[in-house]
Amino acid sequence: MTAAPNSANDLLLSRRSFLRVSATLAGGLIVSLYRDIPLLAQEGGQAAPKPKVYPPDAFVQIKPDGKILITVNRLEFGQGVHTSLPMILADEMDADWSQVIAELAPAADVYRDPVYGMQMVGGSGSIAHSFQQYRELGAKTRAMLVAAAAAQWNVAPAQCRTEASVVHGPGGQSARYAALAEAAAQQPVPATVQLKDPSQFRLVGKRVRRLDSRSKCDGSVKFGLDLDLPGMKTAVVAHPPVFGARVKSFDDKPARTVAGVRDVFEIPLVKGTGVAVIADKFWPAKQARDLLQIDWDLSAVEHADSAQLWSHYKTLARTPGNVAVSHGDQTKIDTVAAANRIIAEYAFPYLAHAPMEPLNTTIRFDGDRAEAWAGSQFQTVDQAAIAEVLGLKPEQVTFHTAMAGGGFGRRAVADSHVQREAAVIAKRLRGTPVKLIWTREDDVQGGYYRPMHVHRAEIGISPSGMPLAWRHVIVGQSIVAGTPFAAIIVKNGVDATAVEGTADTHYDIPNFHVSAHHPAVNVPVLWWRSVGHTHNAFVMETLIDELATRAKTDPIAYRRQLLKPDAKKLRAALDLMEEKSASWRTTLPKDHAVGIACHESFETGVACAVDVSIENKRPRIHRVTVAVDPGFAVNPLTIESQFQAGVAFGVTQLMSKGAITLKDGRVEQRNFDGYTPPYIVDAPVAVDVHIVPSTEAPSGCGEPPVPVISPAVVNALAKLTGKRYRSLPLVTV
Amino acid sequence: METYKLTVNGQPKEVTVDPGTPLLWVLREDLKMTGTKYGCGIAACGACTVHLGGVATRSCVVPVSLIGDRPIVTIEAMAEDPVGRVVQDAWVSHDVVQCGYCQSGQIMSAVALLKSTPKPTDTHIEASMGGNLCRCGTYVRIREAIKTASQQLP
Amino acid sequence: MRAYKAMLQATSVILVACAAWSASNTNGSARERVAQKSSARASTRAEGLAAWQQVYAVLTHPRCINCHTATNYPQQGDDRHRHFANVVRGADGKGVPALQCATCHQGSNADSTGVPGGHNWHLAPLSMQWQDLNDKILSSAEVCRAVIDRSKNSHLDGQGLLRHHEEEPLVLWAFQPGRRIDGTPRTLPPLTHEQFVTATRTWVESGTPCPQNR
Chain A
917 MTAAPNSAND LLLSRRSFLR VSATLAGGLI VSLYRDIPLL AQEGGQAAPK
967 PKVYPPDAFV QIKPDGKILI TVNRLEFGQG VHTSLPMILA DEMDADWSQV
1017 IAELAPAADV YRDPVYGMQM VGGSGSIAHS FQQYRELGAK TRAMLVAAAA
1067 AQWNVAPAQC RTEASVVHGP GGQSARYAAL AEAAAQQPVP ATVQLKDPSQ
1117 FRLVGKRVRR LDSRSKCDGS VKFGLDLDLP GMKTAVVAHP PVFGARVKSF
1167 DDKPARTVAG VRDVFEIPLV KGTGVAVIAD KFWPAKQARD LLQIDWDLSA
1217 VEHADSAQLW SHYKTLARTP GNVAVSHGDQ TKIDTVAAAN RIIAEYAFPY
1267 LAHAPMEPLN TTIRFDGDRA EAWAGSQFQT VDQAAIAEVL GLKPEQVTFH
1317 TAMAGGGFGR RAVADSHVQR EAAVIAKRLR GTPVKLIWTR EDDVQGGYYR
1367 PMHVHRAEIG ISPSGMPLAW RHVIVGQSIV AGTPFAAIIV KNGVDATAVE
1417 GTADTHYDIP NFHVSAHHPA VNVPVLWWRS VGHTHNAFVM ETLIDELATR
1467 AKTDPIAYRR QLLKPDAKKL RAALDLMEEK SASWRTTLPK DHAVGIACHE
1517 SFETGVACAV DVSIENKRPR IHRVTVAVDP GFAVNPLTIE SQFQAGVAFG
1567 VTQLMSKGAI TLKDGRVEQR NFDGYTPPYI VDAPVAVDVH IVPSTEAPSG
1617 CGEPPVPVIS PAVVNALAKL TGKRYRSLPL VTV
Chain B
425 METYKLTVNG QPKEVTVDPG TPLLWVLRED LKMTGTKYGC GIAACGACTV
475 HLGGVATRSC VVPVSLIGDR PIVTIEAMAE DPVGRVVQDA WVSHDVVQCG
525 YCQSGQIMSA VALLKSTPKP TDTHIEASMG GNLCRCGTYV RIREAIKTAS
575 QQLP
Chain C
311 MRAYKAMLQA TSVILVACAA WSASNTNGSA RERVAQKSSA RASTRAEGLA
361 AWQQVYAVLT HPRCINCHTA TNYPQQGDDR HRHFANVVRG ADGKGVPALQ
411 CATCHQGSNA DSTGVPGGHN WHLAPLSMQW QDLNDKILSS AEVCRAVIDR
461 SKNSHLDGQG LLRHHEEEPL VLWAFQPGRR IDGTPRTLPP LTHEQFVTAT
511 RTWVESGTPC PQNR
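Chains A, B and C supply the protein sequences, listed in that same order. Quick note, the first sequence lines up with residues 917 to 1649 if you use this note's numbering. Quick note, the second sequence lines up with residues 425 to 578 if you use this note's numbering. Quick note, the third sequence lines up with residues 311 to 524 if you use this note's numbering.
None of these hints come from the bench; they were simulated from the model. These numbers come from a predicted model, not from an experiment. Please note that the accuracy of each hint is not assured.
[Said to hold, decoys possible] Interface residues of chain B toward chain C, partial, derived using beta-carbon atoms under 7 Å:
1. P446
2. A467
3. A468
4. A480
5. T481
6. L490
7. S540
8. G555
Where a beta carbon is used, it is the ideal one built from N, C-alpha and C, also for glycine.
For reference, chain A alone in the conformation it holds in the complex (with noise of 0.2 Å):
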């Protein structure tokens, strides 16, 4: 069957993909996608996978009692994808809402993300990507189902209608999807499908309420940390105190007094080596590991010092790095007199994800297969490497995607450190589960964070107050080298992750000149949501603040006037920012303050005004008037919810103990008493939420609430202040 294009609205199918359909033992209709070439592949150069045959893992199996069971590709950790990717599906669909339930998919190829080619959620990517796939999906599956039914009244497919899991046919025939399912999976899978016009969408584009609420609200939801399995043993891992150091010898006799306590070894990491201990339950682990005496070597490994750092950060500032972008003339702004040249110093302290659940990994190894249990973000790197350390294939691990409390960033890691640490352990135990948990402690001093980076900016004011010249150098780690990512994301020596919202500005800054140092230290790093816009947003929205003060501009005039012309999403966010606020930024008390900030990441433009006094001597934020213009938005719900609470994320980058630190090699902080993220108090009291109404395709909403309002705060600081805050986290206001 196909459907001939008739309107610029029908999106064909490309020839990339096709459904491959199969029916359950349970006489269910399952649809899968199957996609030969991942499109990462093709743009690194690779030569095209044979296409492979996939199990038929489902994204819709449709139950003999009329359940809806729709899979998700990617995991679900806060932003709502387990809702917001059923209900396109279902869309399409014409599928009862209130029959439709979602699980989590496990690693398969055939869940990989149709951009990125690997199973994973991160970049903001999860409606970006897979909005086209999950349409497809639906609608396939709908023409199937109409087929079927249109098969049984010998009638023309194109005579029948759907509706709330109901086939309708031209005479008043109708019959349920869960009684057409078995004969629908016969059909053949159709190559191309008209999808819906936007106005028939009956889900999409709507506020709809997530699938997952009441579980997490009555405590039947499992995540990683809540699974539990016959004959389970729980390990704990003591780690070193300084990166990549090796255990020289313990004594775990203390150790192994306490009751529940099985066994005590040594296990590789990634980098170095610790301790295992493997207990019958979680506190005996814990209470064991707590005694063991362990001698470690720390002489191998560099000793970070966050002190030594920063000095050495700050040299490398004052040296051209490798260049990110340059255009014009870089020698201009030596020509601005003095009087007329901001030079800014800035400064961000390493930063831990600190996700609610800590992380935690199960898994059980039977020799020539394994089966793993992991809230993981990038699902096809850690199979495979379980995987390897079990001398097995991917395909010989089942790994099942847990939900997971929280990630930003977190749960995607290159390595797959902790899963492989679980691997070391669950091949030990053969034949015997285990759940590796990740204490609090272990999860604030255990690496991974957002990297330290200083920032230099000169800015050369025109006599117009704009910019006339703009050098800027980056120092700080790289997020991506030594993983395979690096292939893609550096370029001439620059992580493109650390420059991001610097380097691709939308301000029109004529001769404009980035560089970046990429200095290797001894502590590991990673992606913190929103990732090189956390640091980059925070400098050029505080930057261009202080040049519209100068300038004597409205702030948001002055960006108006220098954001480039095709800005068009910052532009509208911009605009509908100021019109939604408007009734309250002129009427602020005495004692409050405005605080602009606008910026464009992962392709979705945010543009806030917070309204802030300071209260105990923190900025207590009353309010912010936040707008977006995120394309088409898909649920605008989950986008709300995303913004306002993704500004409270945001915060975190503000709190007095918002650091991470470390002294001679060690992490100073130990937990939420040491490293403390915002609190209720903490958070703004109030957020409105604007969308800029969009036919454009979606863009993301899960990172970029988070780059505008460190900056807006401390731009409403400055105003009750007078100071200029270039050194996060605020220790004092």
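Following the hints, position chains B and C against chain A.
Quick look at chains B and C alone, frame taken from chain A:
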């Protein structure tokens, strides 16, 4: 190891554990009740909140040996609790949860607040919920949901 | 008979003087207080003041002063930093619903989890603040004046204060404060409880004198 008789959600339970074992781990691993969560282990985040003798209590720091005969109520009982149910419904209608990991504790704290102060002000809400961490940052909707629940309570 | 009458007179003078002294103590100047002292107390007064200094050293030790704050929060640790998790005083010094002292602190120390505990764990009333709003410890004279002020100290006289130091569970706690989460014992006040009680008794028996400097 000692044997303790506990009352959990109205049911008698018996566990044999080390006396220093926090109630959190007794619930999770001995009683297989995983609704109460481990977030930090030092009572800084509230994910482990239960009601002990009617008092909102952070179970990660209370050793089982100090419980005595005080009844324990967990998130699993909130659907049957008149205030708990209203709070859960408000949480759902406001689409509060994101990852959801902190929400058992948030709800247990909110229920404790509303049982003591059925019509809390914004100040009350902020003070009582002030020690519950949400890394996703769902605080705005937590405030709104508590107010909705409050309106629906007598 | 005359001796007896004189003794009565002297006693009544002393009693009146004491009453006047304790009534005026918060408002009276140091000079007035000196004037009201009978010379019969001069020898024990010095001992009393010395004893008070010992008592003061205990009262202002972190194990005690962390709950004798002027603010709406308790402190914790030997560095007396603000208690984590936004714990607050509440109307009765016991916290607020869902975040009470009893939310974490039980009736005795929880050494396995590093949380101190004692019967009826709560903050001392604001009338018993021994530091200022900037967490700066008040002077010996200021603390002494507050402690003996019956309008502030729940109407305790000297004997009442002594009993309080002898028996109050949270006072006793300071001398058996349990272990931190890392297993190390919490720092103890500079006296044992017995020594603290002895010093208190000396101070009380000498008429609870306070230093005269501000």
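Exercise for the section: Have a go at the S540/B hint: is there a Cβ in chain C nearer than 7 Å to its own Cβ? Expected result: At 4 Å from the nearest chain C Cβ, S540/B passes the 7 Å test, so the hint holds.
Practice task
Grab the minimum C-beta distance from A467/B to chain C and call the hint holds if it beats 7 Å, violated otherwise.
Solution key: 5 Å, holds
Practice task
Return the status of the interface hint for G555/B: holds when the least beta-carbon distance to chain C is below 7 Å, violated otherwise.
Solution key: 4 Å, holds
Handout entry: Restraint check, 7 Å cut-off on beta carbons, for T481/B near chain C
Key = At about 6 Å, which falls below the 7 Å cut-off, the nearest Cβ of chain C leaves the hint on T481/B intact, so it holds.
Handout entry: Restraint outcome when A480/B is required to lie within 7 Å of chain C by C-beta distance
Key = Because about 4 Å separates A480/B from the closest Cβ in chain C, which is inside the 7 Å limit, the hint holds.
Handout entry: chain C contact restraint for P446/B - C-beta distance below 7 Å
Key = 6 Å, holds
Problem - Interface hint outcome for A468/B [beta carbon to chain C under 7 Å] - result: For A468/B, the interface hint holds, since the closest Cβ of chain C sits about 5 Å away, which is under 7 Å.
Handout entry: Status of the L490/B interface restraint (C-beta, 7 Å, chain C)
Key = 4 Å, holds
Consistency with the previously given hints is maintained throughout, with no hint failing.
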